[in-house]
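Residue numbers (our numbering), protein chains in the order written: chain R, 2 to 421; chain G, 2 to 170.
Hints should not be assumed to be uniformly reliable.
Straight-line Cα separation of at most 20 Å, EDC-like style, residue types lysine to aspartate or glutamate; simulated pairs [said to hold, decoys possible]: (1) G/K87 <-> G/D128; (2) G/K158 <-> R/E172; (3) G/K147 <-> R/E361; (4) R/K228 <-> R/D32; (5) R/K229 <-> R/D32; (6) G/K124 <-> R/E361; (7) G/K147 <-> R/E124; (8) G/K158 <-> G/E82; (9) G/K102 <-> G/D51; (10) G/K96 <-> G/E82; (11) G/K56 <-> G/E105; (12) R/K228 <-> R/E361; (13) G/K158 <-> G/E105; (14) G/K43 <-> R/D32; (15) G/K147 <-> G/E82.
To spell it out: a stretch of chain G is covered by chain R in this simulated footprint if at least three of its residues, at any positions, have a beta carbon under 8 Å from a beta carbon of chain R; those stretches are [what the hints assert, rightly or not]: (16) 34-43; (17) 60-72; (18) 134-141; (19) 147-157.
Derived from the structure by calculation, the hints contain no laboratory data. Glycine residues also receive a C-beta, built at the ideal position from the N, C-alpha and C atoms.
These are the residues of each chain, in order.
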Amino acid sequence: MSDHDYTPSSKVGKWFNDRLPLLTLANHLTDYPTPKNLNYWWTFGGILTFCLITQIVTGLTLAMHYIAHADMAFESVEHIMRDVNYGWLIRYIHANGASMFFLAVYIHIFRSLFYGSYKSPREIIWIIGIIIYLLMMAAAFMGYVLPWGQMSFWGATVITNLFSAIPLVGEGIVTWLWGGYSVDNPTLTRFFTLHYLIPFLILGLVVLHIWALHVPGNNNPVGIDIKKPSKDTVPFHPYIVIKDGFALLMFMIVFAFFVFYSPNILGHADNYIEANPMVTPAHIVPEWYLLPFYAILRSVPDKLLGVVAMLSAILILAVLPWLDTSKIRSAVFRPLYKQFYWILVADVLILGYMGAMPAEGLYLLIARVATAYYFLHFLIILPVLGFKEKTLPIPLSITESVLGGSPNLATVKNKESLEK
Amino acid sequence: MSEKKPERREFLFTASYAVGAVGVGAVVWPLIDQMNPDASVKALASTEVDVSSVKPGNTITVLWRGKPVFIRRRTKDEITEARSVKMEDLIHPEKDEDRAKNPEWLVMLGVCTHLGCVPLNDKGDYDGWFCPCHGSHYDTSGRIRKGPAPLNMEVPKYEFVNANTIKIG
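Next up, chain R with everything else stripped away, as it sits in the complex (with noise of 0.2 Å):
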């Protein structure tokens, strides 16, 4: 790669990239080989650091007027909204950053299920940001708990009694979370303790996913290996910087009517009446982002079973590498496969809604065909597609699938004395 042989140009550079080789890596970084076709999909990776850094920034200064007591963590949250210079401000980003950070992943795990992205040699990458995932959503839970309103309570009751469905240590291990016999000002504590401390761990990891994908480079849409640097390839600077930063200015805006706009509208009523033990609100539901899984826990009719259905779905992503038996990583060329995948998204979205309906009747039954869909899609289909799917022939280069020619002048003689 070009950056081993990098040199500062300056004497103070040399000097300094000599004891911590820091410009190096600014150098690799910048001249990293990328291929020339990622389209808007590949921008969210940019836009979930994005994310990250917002979270991070607007939760230490919530963190500067937060209190995490039962008695005073509601007030204090509305004397955030009240009092607080700016502090609505902070608050909602800081709230409908949670989602919109969900809703960015959302989109880059569903890019990766279309181009294959999880593919061989790109495996670790992906369980990497398995793991990101999985503390994302502690870290989304424990959020909610703070503000201390019905929903957080209830929310919090209902999830950490998820673990009393283990057999025999199950109830030990809720007391133990709760440090109590309900949840209660211990639980906020540690809720606020882990909840400032799980960002750091996906800062760290999120070091580590980019790291590993630097070393196999980007997958692409046309999903082929290519050759680095080359006439397939651009600079990450500025070619995709820019092409990154205008996709985050897009995304900004729908932040900033999110903020702005309608606030409150994926947030719950119910979390600005504060806490109360006594009194379940009448229709609990977690945020949006949870919902497909809020949907297949509950269309498991036994406790134990549906707590383990649930854990499955998310836990069945990690294997995904070797879930998927086709040696063809784009959907592009899988013409089945594609249209398996849109299946798939429809039925992620059916179960999200029938997870914010009422569990009864219709609604259940279809929660629990798309719940068997779901597992059906990663256990049956995919190993099954890809000893029987007929591919589509892949081009050589990412020159040759958008020019119609390749840089190998070789190859080109070949196809045409092939065509003729």
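Based on the hints, put chain G in the right spot on chain R.
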């Protein structure tokens, strides 16, 4: 001699690892156990409730250990209904006689055994309680009859201190 030395070394390694593991465990345990209920939480172990104002057919809810406790003064019909159920029809078979020693009074944790919500009074298909979270139905003895909850609502340890006062815990 050359054969004996590695054995001795392996023993030392194994012994070192073992001592190290015990040491790590001893350090980690306090860090884990600090999350368990502390002395002040455990101290709030019992609560006394005056039930003289509760009329038949009414339920009062009191807080014990941060959890709601239902105290229901049951009507004759409810008692009859609870005691006439066949054991085969129950998901978690328990006799009403064992759950309510004094048939008029039903004392139990108002916590759904599915995921911990507070069930609603006088609702559901069995004239008892209904949990709005995930749709569990309980009968007039607080026993699970339909829905995802696996167990009957728990009866805590309690006693009548006198005719009008119940001590929970």
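Comparing the hints with the structure gives:
1. G/K87 <-> G/D128: 16 Å, holds
2. G/K158 <-> R/E172: The given pair, whose Cα atoms are some 18 Å apart, holds under the 20 Å limit.
3. G/K147 <-> R/E361: 12 Å, holds
4. R/K228 <-> R/D32: 15 Å, holds
5. R/K229 <-> R/D32: 11 Å, holds
6. G/K124 <-> R/E361: Holds. G/K124 to R/E361 sits at ~16 Å (cutoff 20 Å).
7. G/K147 <-> R/E124: 44 Å, violated
8. G/K158 <-> G/E82: Measuring from Cα to Cα gives roughly 24 Å; hence the hint is violated.
9. G/K102 <-> G/D51: Given that 20 Å is the threshold and the Cα spacing comes to 18 Å, the pair holds.
10. G/K96 <-> G/E82: Satisfied, since the Cα-Cα distance of roughly 12 Å is no more than 20 Å.
11. G/K56 <-> G/E105: Distance ~11 Å between G/K56 and G/E105 Cα, so the pair holds.
12. R/K228 <-> R/E361: Roughly 55 Å between the alpha carbons, so the hint for R/K228 and R/E361 is violated.
13. G/K158 <-> G/E105: Roughly 17 Å between the alpha carbons, so the hint for G/K158 and G/E105 holds.
14. G/K43 <-> R/D32: 61 Å, violated
15. G/K147 <-> G/E82: Status holds; Cα separation ~16 Å.
16. 34-43: Coverage by chain R holds for the stretch 34-43 of chain G (5 residues, Cβ < 8 Å).
17. 60-72: Contact hint for the stretch 60-72 of chain G vs chain R: holds, 6 residues under 8 Å.
18. 134-141: Our answer is that it holds, as 3 residues pass the Cβ test (under 8 Å) against chain R, meeting three.
19. 147-157: Satisfied; 3 residues make the cut.
Of the numbered hints listed earlier, those contradicted by the structure are 7, 8, 12 and 14.
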